[in-house]
Amino acid sequence: MVAEISLGGYLCGSINQIMKTAVGSAKNNVLALMFADFKEITKARLAISVVFSSIAGYFLGAYEIQWVQLLLLAFGGYCMVGASNAYNQVIEKDLDVLMKRTRNRPVPAGRMSANTALAIAVVLTLLGVVALYLLNPKTAMFGAISIFLYTSVYTPLKTITPLAVFVGAIPGAIPFMLGWVAATNEFGIEPGTLFMIQFFWQFPHFWALGWMLDEDYKSGGFKMLPTGKKDAATVLQIIMYTIWMMVISVIPVFGITGRLRLSIAAAVLIFVMGAVMLGFAFKLYRQRDNASARKLMLASVSYITLMQIVYVIDKFLA
Numbered sequence: 008m009v010a011e012i013s014l015g016g017y018l019c020g021s022i023n024q025i026m027k028t029a030v031g032s033a034k035n036n037v038l039a040l041m042f043a044d045f046k047e048i049t050k051a052r053l054a055i056s057v058v059f060s061s062i063a064g065y066f067l068g069a070y071e072i073q074w075v076q077l078l079l080l081a082f083g084g085y086c087m088v089g090a091s092n093a094y095n096q097v098i099e100k101d102l103d104v105l106m107k108r109t110r111n112r113p114v115p116a117g118r119m120s121a122n123t124a125l126a127i128a129v130v131l132t133l134l135g136v137v138a139l140y141l142l143n144p145k146t147a148m149f150g151a152i153s154i155f156l157y158t159s160v161y162t163p164l165k166t167i168t169p170l171a172v173f174v175g176a177i178p179g180a181i182p183f184m185l186g187w188v189a190a191t192n193e194f195g196i197e198p199g200t201l202f203m204i205q206f207f208w209q210f211p212h213f214w215a216l217g218w219m220l221d222e223d224y225k226s227g228g229f230k231m232l233p234t235g236k237k238d239a240a241t242v243l244q245i246i247m248y249t250i251w252m253m254v255i256s257v258i259p260v261f262g263i264t265g266r267l268r269l270s271i272a273a274a275v276l277i278f279v280m281g282a283v284m285l286g287f288a289f290k291l292y293r294q295r296d297n298a299s300a301r302k303l304m305l306a307s308v309s310y311i312t313l314m315q316i317v318y319v320i321d322k323f324l325a
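Residue numbers (the working numbering): 8 to 325.
Please keep in mind that the hints were generated in silico from the structure rather than gathered at the bench.
There may be inaccurate statements among the hints.
[Stated by the list, open to error] With a straight-line cut-off of 25 Å between C-alpha atoms, the simulated DSS-like cross-links for lysine-lysine are: (1) LYS100 - LYS230; (2) LYS145 - LYS100; (3) LYS225 - LYS50; (4) LYS302 - LYS100; (5) LYS230 - LYS322; (6) LYS230 - LYS50; (7) LYS236 - LYS107; (8) LYS225 - LYS237; (9) LYS236 - LYS302; (10) LYS236 - LYS290; (11) LYS237 - LYS290.
With the sequences and hints as input, model every part of the structure.
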């Protein structure tokens with residue numbers, strides 16, 4: 008009898024332990040799925056790249072690095088980009104269902120309600136504006152402008168006209184500039200130049216992506232390529248904007264952009280990197296296939312990242 012009681016107690020304890028483990032595992036899985044959906048609704052990889060641009064701009068503008076400011080900029084920047092992406096996915100939920108690359112997003116897939124996504128967007132907007140305002144009001148203003156243009160102008164225009172890309176390039180170019188404004192509380196020739204560099208970069212980058220995803224975009228009714236087709240005229244515009252990007256990127260070497268300066272060595276390096284990207288653009292003109300567009304898109308990502316790193320290193324080595 009004692010043995011039976013002991014065996015029964017042992018079995019009950021084992022079952023309870025198994026149940027606790029199962030419940031704990033289920034909770035962890037739910038939390039992991041929720042975190043994955045949060046990353047998806049805010050487009051975490053894109054948001055982190057934007058934060059990187061902002062931090063690069065901050066290093067260029069700062070007289071001395073203040074880590075509290077950097078943390079506020081990184082947090083506020085992520086919130087603003089995350090909010091823009093969440094608003095976008097709420098607005099486009101019915102169109103996202105129609106495209107292969109977006110149909111598994113949290114809202115169109117039904118894992119998250121539109122109201123929940125909207126609530127996330129609103130909370131991120133408030134947190135982002137407050138964080139950037141603590142830096143200075145100008146930074147908060149530019150962050151708010153970025154959200155407004157992205158969600159209220161760019162997003163609805165995507166199904167109406169290819170000019171949406173021009174509008175979208177404005178909020179897309181703000182982060183590099185935003186870092187300088189966050190560090191200095193000033194807007195002038197220096198952040199204006201940073202804005203123009205990233206503004207012209209947007210076109211070859213996004214049109215290369217648009218070329219790759221043209222069929223999918225058309226399924227959702229989006230008009231992303233400048234001519235509406237994967238043709239020579241589209242690539243010629245890619246080439247033209249790439250050349251403008253190369254020119255603007257090295258203008259600080261001439262000493263006409265205030266405190267934003269560039270050494271001759273750094274300017275040559277950046278120009279060569281731009282020439283490599285231009286080479287991929289010409290390859291797309293010759294081949295006119297998705298593989299060439301993908302190489303150009305990857306080259307553009309490498310260019311913007313390395314260019315910003317060169318700018319920052321050059322400042323501290325000068």
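request  = Any hints from earlier that this structure breaks? Give me their numbers in increasing order, please.
outcome  = Hints 2, 4, 5 not satisfied by this model.
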